[in-house]
Every structure is written in structure tokens, then in C-alpha cells.
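Use the sequences and the hints to build the structure in full.
Each chain, written out:
4 protein chains.
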Amino acid sequence: MYIVNNNIGDRMISDLMLEAINIKDNGLVTNVKRKNGLKVTTVLSCDDSVVKKGKYITIEFKDIFNKYIKNEVIKELKVLLKDNNINDDDSALIIGLGNDDSTPDSLGPLVIGNIIVTRHLESLGLNSSRVVSAIKPGVTGETGIETKDIIKGVIEKVKPAFLIVIDALKSESLQRLSKTIQLTDTGIHPGSGVNNKRIGLSKETLGIPVIAIGVPTVCDIKTIIKGVTKKKINNIPEMIVTPKNIDFIIEKMSDLLSVCINSVLYGFKI
Amino acid sequence: MYIVNNNIGDRMISDLMLEAINIKDNGLVTNVKRKNGLKVTTVLSCDDSVVKKGKYITIEFKDIFNKYIKNEVIKELKVLLKDNNINDDDSALIIGLGNDDSTPDSLGPLVIGNIIVTRHLESLGLNSSRVVSAIKPGVTGETGIETKDIIKGVIEKVKPAFLIVIDALKSESLQRLSKTIQLTDTGIHPGSGVNNKRIGLSKETLGIPVIAIGVPTVCDIKTIIKGVTKKKINNIPEMIVTPKNIDFIIEKMSDLLSVCINSVLYGFKI
Amino acid sequence: MYIVNNNIGDRMISDLMLEAINIKDNGLVTNVKRKNGLKVTTVLSCDDSVVKKGKYITIEFKDIFNKYIKNEVIKELKVLLKDNNINDDDSALIIGLGNDDSTPDSLGPLVIGNIIVTRHLESLGLNSSRVVSAIKPGVTGETGIETKDIIKGVIEKVKPAFLIVIDALKSESLQRLSKTIQLTDTGIHPGSGVNNKRIGLSKETLGIPVIAIGVPTVCDIKTIIKGVTKKKINNIPEMIVTPKNIDFIIEKMSDLLSVCINSVLYGFKI
Amino acid sequence: MYIVNNNIGDRMISDLMLEAINIKDNGLVTNVKRKNGLKVTTVLSCDDSVVKKGKYITIEFKDIFNKYIKNEVIKELKVLLKDNNINDDDSALIIGLGNDDSTPDSLGPLVIGNIIVTRHLESLGLNSSRVVSAIKPGVTGETGIETKDIIKGVIEKVKPAFLIVIDALKSESLQRLSKTIQLTDTGIHPGSGVNNKRIGLSKETLGIPVIAIGVPTVCDIKTIIKGVTKKKINNIPEMIVTPKNIDFIIEKMSDLLSVCINSVLYGFKI
Chain A
1 MYIVNNNIGD
11 RMISDLMLEA
21 INIKDNGLVT
31 NVKRKNGLKV
41 TTVLSCDDSV
51 VKKGKYITIE
61 FKDIFNKYIK
71 NEVIKELKVL
81 LKDNNINDDD
91 SALIIGLGND
101 DSTPDSLGPL
111 VIGNIIVTRH
121 LESLGLNSSR
131 VVSAIKPGVT
141 GETGIETKDI
151 IKGVIEKVKP
161 AFLIVIDALK
171 SESLQRLSKT
181 IQLTDTGIHP
191 GSGVNNKRIG
201 LSKETLGIPV
211 IAIGVPTVCD
221 IKTIIKGVTK
231 KKINNIPEMI
241 VTPKNIDFII
251 EKMSDLLSVC
261 INSVLYGFKI
Chain B
1 MYIVNNNIGD
11 RMISDLMLEA
21 INIKDNGLVT
31 NVKRKNGLKV
41 TTVLSCDDSV
51 VKKGKYITIE
61 FKDIFNKYIK
71 NEVIKELKVL
81 LKDNNINDDD
91 SALIIGLGND
101 DSTPDSLGPL
111 VIGNIIVTRH
121 LESLGLNSSR
131 VVSAIKPGVT
141 GETGIETKDI
151 IKGVIEKVKP
161 AFLIVIDALK
171 SESLQRLSKT
181 IQLTDTGIHP
191 GSGVNNKRIG
201 LSKETLGIPV
211 IAIGVPTVCD
221 IKTIIKGVTK
231 KKINNIPEMI
241 VTPKNIDFII
251 EKMSDLLSVC
261 INSVLYGFKI
Chain C
1 MYIVNNNIGD
11 RMISDLMLEA
21 INIKDNGLVT
31 NVKRKNGLKV
41 TTVLSCDDSV
51 VKKGKYITIE
61 FKDIFNKYIK
71 NEVIKELKVL
81 LKDNNINDDD
91 SALIIGLGND
101 DSTPDSLGPL
111 VIGNIIVTRH
121 LESLGLNSSR
131 VVSAIKPGVT
141 GETGIETKDI
151 IKGVIEKVKP
161 AFLIVIDALK
171 SESLQRLSKT
181 IQLTDTGIHP
191 GSGVNNKRIG
201 LSKETLGIPV
211 IAIGVPTVCD
221 IKTIIKGVTK
231 KKINNIPEMI
241 VTPKNIDFII
251 EKMSDLLSVC
261 INSVLYGFKI
Chain D
1 MYIVNNNIGD
11 RMISDLMLEA
21 INIKDNGLVT
31 NVKRKNGLKV
41 TTVLSCDDSV
51 VKKGKYITIE
61 FKDIFNKYIK
71 NEVIKELKVL
81 LKDNNINDDD
91 SALIIGLGND
101 DSTPDSLGPL
111 VIGNIIVTRH
121 LESLGLNSSR
131 VVSAIKPGVT
141 GETGIETKDI
151 IKGVIEKVKP
161 AFLIVIDALK
171 SESLQRLSKT
181 IQLTDTGIHP
191 GSGVNNKRIG
201 LSKETLGIPV
211 IAIGVPTVCD
221 IKTIIKGVTK
231 KKINNIPEMI
241 VTPKNIDFII
251 EKMSDLLSVC
261 INSVLYGFKI
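Protein chains in written order, with my numbering: chain A, 1 to 270; chain B, 1 to 270; chain C, 1 to 270; chain D, 1 to 270.
If you are wondering where the hints come from, they were derived from the structure by calculation, not from laboratory data. Keep in mind that the hints are not guaranteed to be accurate.
Copies of the same chain look alike in the list, so a pair counts if it fits in one copy or across any two.
[What the hints assert, rightly or not] The calculated lysine-lysine pairs, modelled on DSS-like cross-linking and capped at a C-alpha distance of 25 Å, are: (1) K55 - K148; (2) K55 - K179; (3) K67 - K252; (4) K252 - K70; (5) K230 - K159; (6) K70 - K179.
This is how it looks when you write it as C-alpha cells:
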């Protein structure tokens, strides 16, 4: 989650780095490519002074059926693995954050349902590929447990070389909902996610690289109202804004991401 | 759906009669009771001049766990059946409108999952109670069929004496979401429901009494923004606003309504 | 459902034509092809004397991941449409029989979830392809209504040129479960399906061609026990036998069938 | 899982202690009560010589709607907690074993969905009751991780005083499916559960009391066939036998068990 300063003396919140800061004003190393209906913005933060040190890749598109999205996600995911010295035989733990009972927050758990796992085949001598495991840790409101505690507990037993974490994100912009995929090696920050998962997952806290893949699926109603009125309005209940066809979006996006992740993990052609 | 006139030259929409008109200004016969943490507003419209002729009962509450809600729903549902000359042995078709893949719109289908049906036991000589059947007709985006066509087709085969229709509604007020149950014998009007189901279900169109039970679970983002800015803003995407804990609300509300409907249909004590 | 005579004076039941009769002894016109790991048996029944008049295509395979299954299903489905004089612009109603709350019986409803529908776009002038609609009629135990009544009611409103019906079937053989796809233009017969859906859907009863696609997912425990003991054993409860990994099978098979049906309906390349 | 010796030189398997051994022949301390349509068998094993040391309570009933089941489960669960010196303010971790994508194996995860959790309220100072958390660890085929490793990892972070583990079990008897609830303080044994979860959860392995609640929902087809033929038959595929109405049974049983567990954890009256 990034705290966004605006001119009203109050703040908006976003899980998208591109929304959180003005990358031009902040002297970050930035590259923007436009091709095949995609806009791909790569931002490199060399220290933690503006945003957390690491690489942020934001893929923007108008149409979820654009066939170039998959190839771009696969390409950028490979870049992030290479940047972090992750090899083809390093073991992976894939984590689907979110609540599968609430459509806008169900992206992570749905992706996990389609990830091919192999770790249990190791001891049987049946696995000739990368060791992969995957969990849906649930949400704190359902488990009573901080999600990062579940993840830390599992990491200590499974001992993966790296994590890939998938989550539904909050955006400050209605226009961006379901039109953006953000990939980063900086992990997941406290306050991120649809229901403020208060979770910190990064190389610093966990000791292994954490690749995060996020898709904005909701806005906070307070952020939207502040954005149009330019002033803070009190007594707004805790609500989320989400596209009418969120069931369709979540289905297509979870299919897309699971195909991409399986392809990168196992070298499948798509 | 009711078109709400306001002072900005533009209109807000609501499925709740109480929001749609100023009942005092319109000379409607109105009764308001406050008891046990509930506010129950009964409005009687004697002709179609202001709102559709019939009875509208709105039960408002702060807390979904208020134990008096069930008794009130059962009581008012019985009143509506009696008003419409529906007898204890008249056959019922219960219809759960909405999309069970989208949490805020899944109230109707979830209620149907808990309705006790008996119609199939008739021909086996096993049924000693009211004849009840139940369907989830799905949504047009998934079936390609106007929902009212599916319902009309089933009515022609099943020939029920009356319908009870359950739907998730749109409100114009965030504060009202999940805090209101509306019961009416005027049926369902074109444009109602979370995704504008464009469905007209009433005694006039179907020939049998149609008791509708609705719970507001979403607001239209356009309505909310117009409400706070007092002006129309263009280029707002089609979005809905819904409580963060909508999965919890839908679960509790569908349990509550199915218990009430089964109790009224079969005379169960709760 | 086919009644299978055996030598014990009692009968086994199967929804698979290949299991129901000895095609050689019955003088049926039969063709068997073996290629690419598939065995495809085509049986032509010229009158109703042995089995219902029409074509039966049975595709058998060892491995659900065999990449040739899709092409074969598409090819045979096209043959059945052509045999029945169904043209590229004839409107289709796709029906997913079964119970989506019970994994072994959820094949039909899951396929429907992935069928592309267009009928609702017609009146908006947005459709340039075949008119397609799709329903999940539910099961009688949940609706209280005979499934064929729901289907007839919908057909009268939608007026499709033909039906495609998908169902999970009963086999008499454990070895065949999830290893066979049966396609036929003879429809669905009373007693078919996982929970004996007592449904008769055919050109004779409905007036339009009915293409049925079935996959055996369960056996009846009584049939299995009679098969191994060669005698009838009383007091066996109503039980089904199904593969341990039935969730995996249903997921893969519903993906496969929906891809094939969409391809045939719209001419998509796969 | 208990290995059952029979006279054929081969063995049947069961997760039910009552089926596994002849309690009379084995000199176990046994008490049988019959009342209100229930048969309650309590077996006390004083050492590990015959079956694992501890208490086994088996509640048998004909009708899942028997209203006395709930009171009996609550009563026996309280006895097991007291036997194990578990106090009213000891913290609990509730674990729902099984696969929520496969109806017969979804009992555990469904129970978890209705358990009231409080642990996350502790740090907010909002909890005045017992500290309770709950997880659905998933199945190894989906996670790639041994379920006991996930559980151990979570226990190390959450540090509960005791576990309650819910699982769908295998029986050797068709008649017993969905008609029995087994409660024990001996935990879960390797090989138990619908899909042989190869999990060992007990006070010995985890260091805290493990109360297990199991309901038989499936039989192994091999066990059934051996039972009727009295001989071993080769080449029987891996299949399960389950009631036709398993969706109904799982729904009712998960409601029943979650009500009982919440009642015992929090002292709710039912």
C-alpha cells in the first residue's frame, strides 16, 4: 500500500506504485514501452528513499482479451526471477492471498487452484522438474490468524528458495480496475489488498525473494469521493467499489495468471 | 427500480420505494412502528399514480444479529399472503434472482439452496403439505435469455398459485446497504436488482400474485458521486459499491430469509 | 439409460450404449477406428428395434490429457449436426444437466459456465454470429420440478433450432469411468444420469434435434457388486462409486467439452 | 486408519475404531448407551497394545435430523476436553481437513467456514472470550505439501493449547456412511481420511491434546467388494463409494458440527 499525498491535506491510498508517486518528479529510473495495445512501465528504485528499493513493472491494457498480455507477463516475470538470481531448479512456494468467498478478493485463491504442484512427488521419486508448492492461507477474519504468521510457519517447514504472491489490489482510480497487472520484487506491503491484509512479505522480513503479482479489482469509496469532491467527507461507511462484471474479470484474470506462472515455473510453451 | 428526482436536473436510481419518493408529500397511507431496534414502515398505495398500487413494507435495523428481524419478516410475509388471498394450501414457486458467481448479487440463489421443496413428492403421494417448487433462473449474461422468459416458461408448466421472488437490490444510500429488508406485493420492476435485470414480474404481467423480498446490497457509483457532488460527472465507469464484508452479510441474510420463507410456507415454528 | 440383460436373471443398468448391447450380435452398422490413442466406435441404428434409432459415437481413451480428444469431439459433433441438417446459423440451446453441489454430477452445470452465449445481444443488434443460449435447470430434488418441464418451458420461450445436452452418466464398468465420451443424436433417455434424472429429451418429445454429450462419472454400487458376485444381494443402500480424484476429472472434462462446444458453435479454431 | 484383519488373508481398512477391532475380545473398557434413537459407545483404551491409548466415543443414529444428536456431541466433546485438562480459557486451533472441491471430502473445510474465530481480536483488546483460530490446510494434491507440515508450521506461530480436527472418514460398511460421528482424544492416524491423507496428528507428535471429530462419508470400493465376495479381486481401480445424496449429508453434518463446536468453545446455549 502506498500513501498518496494530494492537495487537500488528506491522503488517498493505493496498492499501485504508479499511482502512489509521481515517478518523474522523484528521479526514478523509468522506462515506458507502448506496443500491441500494452503500456509497460518499468521503474527501478535504487534505494528506499522514495519507494521501496527494487523493480516495479506495470502492464496496462484496455482489453483483457488482448492476446499479448500473457507473453508480456511471462517475459517480465522471467526478468524478475533473473534479477533476483533465481535459477530454473530453485524451489517455489506460490501464495494466493485473499478471500474466496468474496468475488473481488478471490483472485489469489483462484490462481492457486490452477497452479501445478510437484513438491509431494519429490519423496516418491516422481518429480523431474522444479519443486513447487502452493497455499491459500485464507483471510484473518476467517482464520483469526495474521496471514503472515501462517506463511512464515509454512515457509519454515517447506523452505522454498523464493515466493510468488498473488493478490487483488486496491487502486485509487476506477478507470484502472482490472486494466493493470503490477509485478514487483519488492513484495507485499502492510495495508495492501482488498481488505487491508496488514501483511508484510518481503526479502527483508522473510529472507527469500518475494515476487508479487497484483491486479487492482477494487477502489475504496472514500478515495473515490475525495477524488471527485477534493475534500474529506466524514461518516462514509467502509465500502469497496468494484466493476459490475467482477465475476467475469476474476475468472479471466485468474486463468491468465495461472497459465503465465505455470509457464515460467516449468518452461511450458503457451 | 424507482427513478428518484432530485434538484440537480439529473436522477438517481433506487430499488427501494422508501428512497424513491417522499411518502409524506405524496398522500400515501403510511404507518411507522419502532420497536425492538426495528423501524417498520408500511405504505399503502391505492392506485398507480405515485408508485405502483399495493403494499410496501420496509424493515430497517442497525444490526443483522437483532433477533427480532426474523419474527418481523415472518409476520409481514403472512400479512402480504393474506392481503392477496393466498391460502395455506396454495402452491408456491420461489424464485432466486441473481448471479451466484458474484457475491453481492448472490442473495437470491443462496436463499433457494435452503428452501424446502415438495412438488416432486406430489406424484409419489408423499406430500402432505403445501406444494412448493423453487428455481434459480440465472442471469441474462450467462444464459443469453431474458430472465422473465425463463420464469414465464416455468410458470406455464408448474402452474403455481403465487410467486415469492428474492433479489439483491440497489440503494441510493451507502448507510442503508444490508440494513433494510423490503417486502411488497407489487412484484419486481424493470431495472431492479444489482445488475439491472430488466425484468418485470407482477400480477399484471404473470396473472398470479408476486411477493417480492429484496435486500439492498449495492449502490451505483454514479448515484453516490452525484449524491456528494450534487452534479453529474461524465465518464464514470459502470461500477458498484458494496460493503467490505459482503460475503458475511450475504451468508447471514440468506440464512435469515430462507428460515423465514420456510416457516411461512409450512407453518414451522422458529 | 439402457437396461442390460445378463445371465443372473437380474439386470444391470448403464447410460452407455456400448455397454448396453452386444453390437455385433444385433446386426447394427458399426465402425471402429483406433488412432492416436483413441478408440472411436460409431454405431448406426436404423430403427428402434434394438436401441433407439440414430447415431452413437463413443470416444474411448486412457489419458484425459491426450491432445487428440478435443479434435475428435469437435469432428464428431460436426458430423452429428450435419446428419441432423443443422446449419451454421441455426440457433442453439445448451443444457447442462446435473447438480453443481455434488462433484460427480456437476459436469453439465460446469460446462454451461464456460459456454459463450449471444441470444441477449440479438435485440441490441450486437450479434453477428449464431444465436446461442444456455441453462442449468438444476435437479428435481432441489427445484421440486421435473427437469424436462423446466426445459420444455424454456424451449417454448426461446424457440431454439436444436439442443445440445451435457450430462454425467452412469456406467456399469469402473474401468470406463472418466475414460469415455459418448455423443449421440438420440437424446437423453428416462433413467439416465448420476441420480436417475427420469428425463426424456429427444426429437420425438421436443420436436427439435437433441444432441447429447455424456461422460460416465459414476457406477451404481449394486451394479458393481452384482458384476463381481454374479448374484443379486439385497439390502444394499443407494450408493454411487466414483474415482478418488473426481474433482480433477470434472474440472478437466468440463474445460475440454466447453472448448469443443464453443468451437463447433462459432467456428473457432482451437 | 485401522487395519482390519479378516478371514481371507487380506485386510480391509477403516477409520472407525468400532469397525477395526472386536472390542469385546480385546478386553477394552466399554460402555454402550441407547437412548433417544442414539447408540453411544464409549471405549477406553488404557495402553497402546490394541488400539491407541485414549477414549473413543462413537455416536450412531439412523436419522440425521434426530434432534438429540447435537446435545450428545456437545456433551461428549465437553467430556473429552475435561479428560484432557483443557480449561474454558485455553486457546483452540480448529483444523478442517479435506478437499472442498470434492463433495464427500469437504466436511472439514465446510465446518471451518462456520467456526467463530477470535484470536485476531486479542491484539485489538476486543476479545473477552476464549482465543480461537481455524484453518483449512488443503490437501497435498493441491498444495504439494504434507498437511501435517502446514499444521505444525501454524502451531508454532499460533501456539494453541489444544487442537480440534474435523475430517471425513472411510468406513468399511456402506450402512454406516453418514450415520456415525466418532470423537476421540487419540488424534488422527496416518492413512485416515477420504483420500488417505497420510497424516499423523496426536499429542505425541504435536505436544498438545488433539481432539478428532470424524464422520464416515466414503467406503473404499476394494473393501466393499472383498466384503461381499470374501476374496481379493485384482485390478480394481482406486474408487470411492458414497451416498447419492452426499451433498445434502455434507451440508447438514457440517452445520451440525459447527454449531456443536461453537457451543462448546464459547458456552453458547443451543
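Evaluated hints:
no., hint, in the structure
1, K55 - K148, "within (22 Å within a copy, 36 Å between copies)"
2, K55 - K179, "within (20 Å within a copy, 45 Å between copies)"
3, K67 - K252, "both (12 Å within a copy, 23 Å between copies)"
4, K252 - K70, "both (12 Å within a copy, 21 Å between copies)"
5, K230 - K159, "neither (48 Å within a copy, 47 Å between copies)"
6, K70 - K179, "within (13 Å within a copy, 32 Å between copies)"
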